[in-house]
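Take a look at the letters that make up each chain.
2 protein chains.
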Amino acid sequence: MKFSFVVKTVASVVFSRKLICNHSCPGKSVPFLITRKFQVLSSLRSHLEAPAWGSKKHKNKQKFKIPYINIMADPKIEEILAPFRAAVKEQGDKVRQLKESGALEIDLKKAVAELKARKKILEDKELELTPVEASFDRAKMEDLLKRRFFFDQSFAIYGGITGQFDFGPMGCAMKANMLSTWRSFFILEEQMLEVDCSILTPEPVLKASGHVDRFADLMVKDDKNGECFRLDHLIKAHLEKVKSDKKTTAELKLECEDIVIKLDGMNKEEMRTILRKFEMKAPLTNNELSDPMEFNLMFSTSIGPTGLVKGFLRPETAQGIFVNFKRLLEFNQGKLPFAAAQIGNSFRNEISPRSGLIRVREFTMAEIEHFCDPSDKSHPKFDEVRHVQVLLYSACNQMDGKAAEIVTIGQAVDDRIIANETLAYFMARIQQYMVKVGVDPKKLRFRQHMNNEMAHYACDCWDAECLTSYGWVECVGCADRSAYDLSQHTKSTGVRLVAEKKLPEPKTIDVVEVVAIKGAVGKSFKKEAKDIMEALSKLEPATVVEVEESLKTNGKYVLEIGTNSYTLTPDMLEVKRYQKTTYVEEYVPNVIEPSFGIGRIMYAIFEHNFKVRSDDGQRTYFSLPPVIAPLKCSVLPLSNNADFVPYIRQLSRDLTAVDVSNRVDDSSGSIGRRYARTDEIAIPFGITIDFDSLKEPHSATLRERDSMGQVRIPLNEIAGVVRDLSYGKMTWTDVEAKYPKFEQQETKS
Amino acid sequence: MKFSFVVKTVASVVFSRKLICNHSCPGKSVPFLITRKFQVLSSLRSHLEAPAWGSKKHKNKQKFKIPYINIMADPKIEEILAPFRAAVKEQGDKVRQLKESGALEIDLKKAVAELKARKKILEDKELELTPVEASFDRAKMEDLLKRRFFFDQSFAIYGGITGQFDFGPMGCAMKANMLSTWRSFFILEEQMLEVDCSILTPEPVLKASGHVDRFADLMVKDDKNGECFRLDHLIKAHLEKVKSDKKTTAELKLECEDIVIKLDGMNKEEMRTILRKFEMKAPLTNNELSDPMEFNLMFSTSIGPTGLVKGFLRPETAQGIFVNFKRLLEFNQGKLPFAAAQIGNSFRNEISPRSGLIRVREFTMAEIEHFCDPSDKSHPKFDEVRHVQVLLYSACNQMDGKAAEIVTIGQAVDDRIIANETLAYFMARIQQYMVKVGVDPKKLRFRQHMNNEMAHYACDCWDAECLTSYGWVECVGCADRSAYDLSQHTKSTGVRLVAEKKLPEPKTIDVVEVVAIKGAVGKSFKKEAKDIMEALSKLEPATVVEVEESLKTNGKYVLEIGTNSYTLTPDMLEVKRYQKTTYVEEYVPNVIEPSFGIGRIMYAIFEHNFKVRSDDGQRTYFSLPPVIAPLKCSVLPLSNNADFVPYIRQLSRDLTAVDVSNRVDDSSGSIGRRYARTDEIAIPFGITIDFDSLKEPHSATLRERDSMGQVRIPLNEIAGVVRDLSYGKMTWTDVEAKYPKFEQQETKS
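Taken in order, these protein sequences are the chains called A and B.
Under the numbering used here, think of the first position of the first sequence as 24, with each following residue one higher.
Under the numbering used here, think of the first position of the second sequence as 24, with each following residue one higher.
Simulated from the structure, these hints should not be mistaken for laboratory data.
Just so it is clear, the structure is predicted and the values come from calculations on it, not from any experiment.
Some clues are possibly wrong.
Identical copies go unnamed one by one, so any copy, or any two together, can satisfy a pair.
To be verified - Below 25 Å or equal to it, Euclidean Cα-Cα: the simulated DSS-like pairs (lysine-lysine) are:
1. 285 with 132
2. 603 with 524
3. 358 with 169
4. 349 with 163
5. 148 with 349
6. 117 with 333
7. 304 with 259
8. 169 with 349
9. 259 with 132
Start from the sequences and build out the full structure, keeping to the hints where you can.
In structure tokens, the structure reads:
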């Protein structure tokens with residue numbers, strides 16, 4: 024159990040709906056590491072070497088022709104894993120059986136908690152037995168990220184705030200590149216409707232979405248100094264301590280283990296009992312702890328000066344799209360399906376954020392809401408992705424203790440592993456995007472939510488997870504949210520968020536409605552008559568029948584509008600029944616939602632691209648693909664000789680003119696040292712002006728970061744070549760084939 | 024005084040520092056219009072016709088070779104204005120004289136208020152006398168903006184929230200284009216360091232910047248229902264009402280006028296007196312009003328679960344850059360000057376926001392902080408903008424009652440109208456950017472802050488103002504902020520935010536420092552010894568002398584660290600004096616800050632580009648330049664004939680492949696009607712596939728929005744042509760010269 028905190032503990036945290044569906048979200052413990060220096064555990068063994076960016080092989084990688092190697096095929100390893108797999112399957116079957124027999128919810132919950140625990144033991148074992156791919160030193164990477172200001176804690180000179188980060192020039196440019204790639208990959212390519220909605224959100228909106236009531240974690244407070252702790256974290260840590268105490272009896276140890284396993288399924292009261300039974304105290308001060316309380320994770324504020332309009336910082340961008348559904352549908356000329364998208368910041372007041380960019384209080388999301396007819400979730404472009412191979416960790420495999428499997432998207436839909444074409448189409452596109460921006464495809468899987476993890480409204484939900492030193496981290500959620508959100512907002516506002524479709528043939532329907540007799544209502548209610556008539560016209564058929572009954576039985580009907588009530592008498596109302604032929608049908612569209620946590624993807628990219636030069640452990644760099652590299656090209660004079668200056672200036676201008684971001688490094692230091700500096704900030708290409716550049720025909724050296732290969736190129740061609748390399752129109756192999764190699768050693772210059 | 028609310032009342036509101044310097048900011052009344060249908064008043068008469076986008080003439084416009092015509096040259100108009108100009112000058116001279124003679128602040132304030140009032144009367148008169156350029160119907164424009172969902176009130180289905188807006192697909196795309204143009208125009212072109220910092224800001228940071236104490240407006244509350252009113256607005260409106268009452272005596276009318284004029288300079292107590300004297304009540308309810316109170320305009324919240332860490336939503340993005348200064352300087356290898364930039368949202372809890380996008384609670388800013396040596400504010404690229412002509416409304420001209428003047432940037436610096444090259448360089452660049460994204464250069468001026476408007480730390484400050492139907496609206500601020508911000512954060516944190524420069528020759532300086540005697544301090548203070556020694560090492564020379572004195576006189580020195588104090592005795596300390604040769608000098612960099620209010624610029628662009636077809640008053644459109652148009656091209660089949668479908672699909676794909684955003688409109692309706700629809704959403708180019716397109720050689724019609732000109736282009740060339748048009752590499756004139764004209768009438772198709 025050495026890595027018990029490392030693996031698969033951070034999933035389903037970025038996205039609020041997951042938190043909602045998980046109720047008080049106990050499953051989401053923060054992973055912390057006992058040692059900071061350790062090795063990446065890859066569960067995906069592969070015989071592939073990572074090809075250099077820009078090489079043909081790499082291009083292929085972007086095109087997803089990598090033959091995924093089936094993992095866990097080693098019979099020796101499988102022999103060791105067999106009992107663990109069996110234990111999971113046994114429990115999975117038990118859960119299935121309990122469900123079928125309609126067992127009590129509490130029993131089901133306990134069985135699921137036990138299933139999760141067994142799954143975790145199996146996964147730990149899997150990772151433990153997988154041969155280590157490469158050593159990874161997180162401390163070294165973090166040092167580089169900080170030193171070259173990719174990002175750092177916000178307000179560091181004021182002592183910093185946990186869970187908040189500022190992106191420096193390199194991180195900011197990389198993030199901007201990730202977003203602009205996202206924009207062209209999704210919005211432009213799929214002609215989505217992009218919106219940009221308010222962050223400050225009034226309470227009723229988030230009441231309707233469920234966030235006000237259910238977007239909470241349980242916490243306890245230090246009675247004296249007020250420090251807060253997430254309850255599940257606290258209990259887990261305490262019981263681990265008890266277990267590791269030599270004096271603890273075997274019986275007590277077993278009890279502790281049992282509690283940790285079942286913690287996920289426990290409610291507030293059950294957790295309180297454990298808290299008190301073990302007489303837990305505040306970790307550092309040893310003070311008494313308060314009873315558990317729910318802590319809503321939204322930041323609240325007041326809008327306007329009166330202090331009466333309560334608002335929150337949005338916990339997700341999706342609601343902004345849902346509340347604008349009507350306008351968007353109108354903009355799309357009433358046609359479905361269509362997708363809307365939004366890129367923007369969301370906020371969560373985490374109780375105790377840790378793990379760097381993975382759990383933060385302020386983060387950028389990119390969300391897509393694809394609206395479609397619930398009876399038709401096919402996708403017109405599905406054939407374009409049918410062949411794409413993905414690593415799927417289905418709910419079924421999870422229940423059966425099986426490993427994740429590689430299948431094509433088409434097969435997964437045919438086999439009904441993925442619920443529908445649209446969901447599957449987006450999963451393929453998510454993978455393509457992730458790999459394009461630098462996620463290692465060998466460290467990317469889709470994990471399906473098990474029935475019990477899924478929000479009650481969702482039909483199917485898959486998380487794109489990246490393997491990092493924190494374990495498998497959920498980076499993108501892809502869910503079929505059914506009609507939940509639009510229905511909720513319709514219920515709260517009375518505005519019908521629906522679409523219309525032509526019926527195959529006209530339909531005759533019975534209409535029952537209550538009509539106000541204008542004169543009578545007007546006379547009795549004056550100014551308010553208009554509101555009353557409007558309210559009456561909106562009544563559902565069932566309510567109309569109620570009105571009719573009430574008029575008959577009680578001689579009146581009391582209509583409520585907001586906090587006002589109006590007594591209506593038979594002389595004011597007329598109930599009409601008639602038939603109507605309709606050619607269209609109204610329906611509430613369903614929503615398929617891919618939701619990207621940009622910061623988490625970014626973190627995975629950092630880990631997957633952090634490299635150490637084989638000949639020098641101190642030379643670290645990021646092998647970021649050019650498309651997201653913060654700067655595309657460095658421009659270096661060999662020395663500070665004044666003759667180089669005009670060439671350097673002109674070159675920098677030429678590069679800027681063809682949209683290649685670049686940076687001149689004319690500081691002192693050998694050319695090798697300066698290359699190392701540019702490697703650190705992931706600049707993929709470097710141009711050096713030397714004494715030969717001054718002679719006719721003018722030329723310069725172009726160097727590629729990953730291979731450190733160098734060629735000699737005429738000065739008037741070089742900007743164009745770097746542009747083509749940067750935008751994927753040429754590979755480094757092409758360049759090496761076309762131009763003479765430059766042999767001089769970097770360090771000798 | 025017909026336009027008394029329209030003109031020049033909305034400036035200096037977007038940017039917090041302005042608000043800070045204006046203290047309780049009384050001058051910034053919200054402009055409201057008596058009638059919604061009215062005419063734009065252009066103070067800049069010009070004989071120029073606005074050339075069509077893409078024409079050669081237009082290209083010139085982007086290059087700023089437009090001969091600005093001196094305004095107000097009509098002798099008849101000048102005759103009428105003469106007494107108004109004289110009145111301003113008289114008062115301006117009086118203010119100057121008061122300053123020179125060191126008059127009391129209250130007298131000076133009153134004189135300045137009177138000066139402002141006279142200036143306003145003059146400006147109203149100027150606008151009134153300027154021949155009207157074109158009729159402008161704001162209601163019509165707002166209808167179009169709303170109907171085609173450029174933007175709309177946030178959470179409209181929940182009743183909406185004032186001062187918050189959601190951008191729909193068209194507004195969002197336009198905003199994204201404005202920002203990406205900004206990014207390449209400033210950040211890429213000037214190699215600025217872009218950062219992306221937290222929105223949630225802990226209190227101490229904003230305490231240091233001055234926002235916690237001074238970023239407030241005065242308001243009063245309805246005693247019964249709690250409704251809030253901005254005090255200056257309330258007083259002004261009340262007095263206007265009193266004035267317009269027929270029963271009011273001439274004497275009282277004069278008094279009212281006098282108060283309105285002086286309102287700007289009044290403090291809380293003076294305003295309270297007026298409030299009570301005139302027995303003002305809440306406008307709608309007629310309830311009693313509370314005493315004036317300061318209302319801080321920042322949204323506050325708590326960070327973390329304890330409720331103890333107070334935070335605010337940032338009111339500007341600039342502070343994020345200042346607190347990261349050290350890291351940025353390091354990133355720039357210690358070299359100055361350099362500029363950092365940030366694009367992001369800021370928040371202000373306005374008391375009663377109105378005027379659409381101009382006064383909002385949540386808005387996007389783009390800010391640049393250019394750090395430089397205070398003794399050298401030259402700019403290396405100044406010669407590139409020296410020739411740029413700008414319309415300057417200098418403080419001097421404002422004091423003298425003169426009109427704004429057209430001068431070149433170079434001349435303005437030579438004549439010391441603009442304080443330094445760097446400030447002037449940015450002003451030229453601001454203008455170039457504004458015109459590039461669609462601001463009408465004839466409705467753009469730079470207004471200098473007068474001495475009394477300027478924050479105490481600023482050396483010079485210019486606002487880029489756009490003329491709109493709300494009057495001149497401040498859209499970009501460009502200020503020399505001196506060393507204020509870095510000094511403030513240094514003071515608050517003890518972290519020295521300074522740069523170093525090489526001295527022309529080494530300097531020998533006297534050093535005096537107090538050194539702790541380790542053993543003695545350690546023995547007395549144990550664990551705290553380290554802190555004490557660190558604190559001692561940081562003492563300023565003056566304090567060291569104090570320590571020495573105190574040890575001598577009192578036999579002890581009491582050192583305070585935070586809330587703790589430590590008594591140090593002579594045996595613990597040694598004061599050392601020696602000489603040191605230094606080769607570098609530390610200094611606090613100065614900051615030149617261009618600060619863009621993106622929403623306001625966007626609003627000005629909408630107004631400046633709103634057009635009505637001369638032959639049909641119902642056909643309205645936006646003549647947005649292609650670079651910011653939400654979509655570049657529409658693709659229209661002539662009818663819903665199935666044969667067109669493959670052509671339409673292929674064309675859309677071809678356009679997307681060359682990065683041309685496009686939209687297929689295959690809805691029913693004549694081609695003319697669909698053109699009108701695409702004109703409404705500002706799509707500059709439209710391609711129509713008709714029956715001739717199906718024949719060899721395949722061709723299609725390309726139409727330009729502003730001129731409605733059409734040409735016939737081979738199908739395989741068309742995507743490239745539209746790309747070149749969209750990215751400014753080809754003009755419509757070029758296209759018309761190269762391809763045959765297409766003569767068919769739009770409406771006949």
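Status of the hints after comparison with the structure:
Taking CA atoms no more than 25 Å apart as the test, residue 285 paired with residue 132 passes inside one copy only; the shortest distance there is 9 Å, against 72 Å between copies. For the homomeric pair residue 603 and residue 524, the shortest alpha-carbon distance inside one copy (17 Å) is at most 25 Å, but the shortest distance between copies (85 Å) is not. For a Cα distance limit of 25 Å, the shortest separation of residue 358 from residue 169 across copies, 19 Å, qualifies, whereas the shortest one inside one copy, 49 Å, does not. Taking the shortest alpha-carbon separations for residue 349 and residue 163, only the inter-copy value of 22 Å comes in at or below 25 Å, while the best intra-copy value is 51 Å.
In this homomeric assembly, residue 148 and residue 349 never come within 25 Å of each other (Cα to Cα): the closest approach is 50 Å inside a single copy and 46 Å across copies. Within a single copy, residue 117 and residue 333 get their C-alpha atoms no closer than 46 Å, and across copies no closer than 50 Å, so neither meets the 25 Å cut-off. When the C-alpha separation of residue 304 and residue 259 is checked against a cutoff of 25 Å, the pair qualifies only within one copy, where the shortest distance is 13 Å, while the shortest distance between copies is 61 Å. In this assembly of identical chains, residue 169 and residue 349 lie within 25 Å of each other by CA distance solely across copies; the values are 13 Å between and 45 Å within a copy.
With identical chains, the CA atoms of residue 259 and residue 132 are at most 25 Å apart within one copy only, with a shortest distance of 18 Å there and 66 Å across copies.
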